[in-house]
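Visitor: Please put together the full structure from these sequences, using the hints given.
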Amino acid sequence: MSQQVTSDGPASSLSLEFDDNQLLPTLYGDFDRHLARLEQTLGVTIASRGNSVIIAGDADAVEIARIALQSLYNRLTEGLDVSVAEVDAAVRMARDADQTARDGVEELASGNLVMRTPKRHISARSPGQQRYIRGLFDSELAFGLGPAGTGKTYLAVAMAVSMLTSGQVDRIVLSRPAVEAGERLGFLPGDMRDKIDPYLRPLYDALYDMMPPEQVDRRLETGEIEVAPLAFMRGRTLSNAYVILDEAQNATPVQMKMFLTRLGENARMVVTGDLSQVDLPRGVTSGLHHAVRILEGVEGVATIHLQVEDVVRHELVSRIVGAYDAVEARERENG
63 MSQQVTSDGP ASSLSLEFDD NQLLPTLYGD FDRHLARLEQ TLGVTIASRG NSVIIAGDAD
123 AVEIARIALQ SLYNRLTEGL DVSVAEVDAA VRMARDADQT ARDGVEELAS GNLVMRTPKR
183 HISARSPGQQ RYIRGLFDSE LAFGLGPAGT GKTYLAVAMA VSMLTSGQVD RIVLSRPAVE
243 AGERLGFLPG DMRDKIDPYL RPLYDALYDM MPPEQVDRRL ETGEIEVAPL AFMRGRTLSN
303 AYVILDEAQN ATPVQMKMFL TRLGENARMV VTGDLSQVDL PRGVTSGLHH AVRILEGVEG
363 VATIHLQVED VVRHELVSRI VGAYDAVEAR ERENG
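Everything in the sequence shown is counted per the working numbering, starting at 63 for the first residue and increasing by one.
Note that these hints are calculated values from the structure, not bench results. It should be emphasised that the depicted structure is a prediction, and the values quoted were computed from it without experimental measurement. Be aware that a few hints might be false.
Quick list of the computed label-pair ranges, beta carbon to beta carbon [claimed, not checked]:
1. Asp279 with Arg178: 13 to 23 Å
2. Arg95 with Asp120: 14 to 24 Å
3. Pro343 with Arg263: 15 to 25 Å
4. Asp120 with His352: 39 to 49 Å
5. Asp122 with Ala293: 51 to 61 Å
Cβ coordinates follow ideal geometry from the N, Cα and C atoms, glycine included.
Guide: Below, the structure written as structure tokens:
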């Protein structure tokens, strides 16, 4: 890959030339829609001519477009896919011009932090998600904290599926506090799985997104994938397993300590939650908040805080979260 830059004050023009013509249809997208996305997002113009593109516009925006295009091309050379979502992710990663961010773009494109599942390969779509995935790879216990839409649960399930299907663990254990039912699951119809399924639906959705339905159903039947309410985890030792506690902000400190001490040999544990959405009764401390404070600095434990900037759902979700955060901040200031 080669490049040539010309500059005229704040405006800039840059030419990028790619080595492998066979990758360009995927890089550019159908009817050049990936290039159009970059133009729309960054306010630049991009003209493709054979195996080269010319990017013109504000110098800073041109540089972001260059970093994004190079990282997307590098993804393709590593055998990874490129879609509009990956284009948006590359722009998010490239917006910060410091060296740390550029190193992060290269890491993202290298495939080193890609979670490979039967249906798709999953990688970070924001700097915060990249830190989170690195924590999932490197730590035996990871806390993923942040607002809705930041991928806390989805990425944890992706890591679990990747490790299960590659033989690194023997099973996945999924758990969640049933706070909405006041732990009185007996009032709900059906057997235990029927009672807790509504609370675990986001975890099931992620599983079916990463594995063929027949594989998910078979592994649920054999116990390779197990779902259990938090209240039923007491007294167990979870070895050779990938264990996820979702919506952990609704666990009490006693429940959280009980859960964390279930960790056995060759096991990984991820605890996810949003401390701004605690449903516990007034006056009851969140076990997630309590545990994060107590375990700060403990070897083998990673705590990753995801922010509004890491929301990767519809753009409106980011604005909704930001609006709520702004109101809550004003209320705190006013006492």
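Visitor: Of all the hints numbered above, which does this structure not satisfy? Sort the numbers upward.
Guide: Hint check: nothing fails, all pass.
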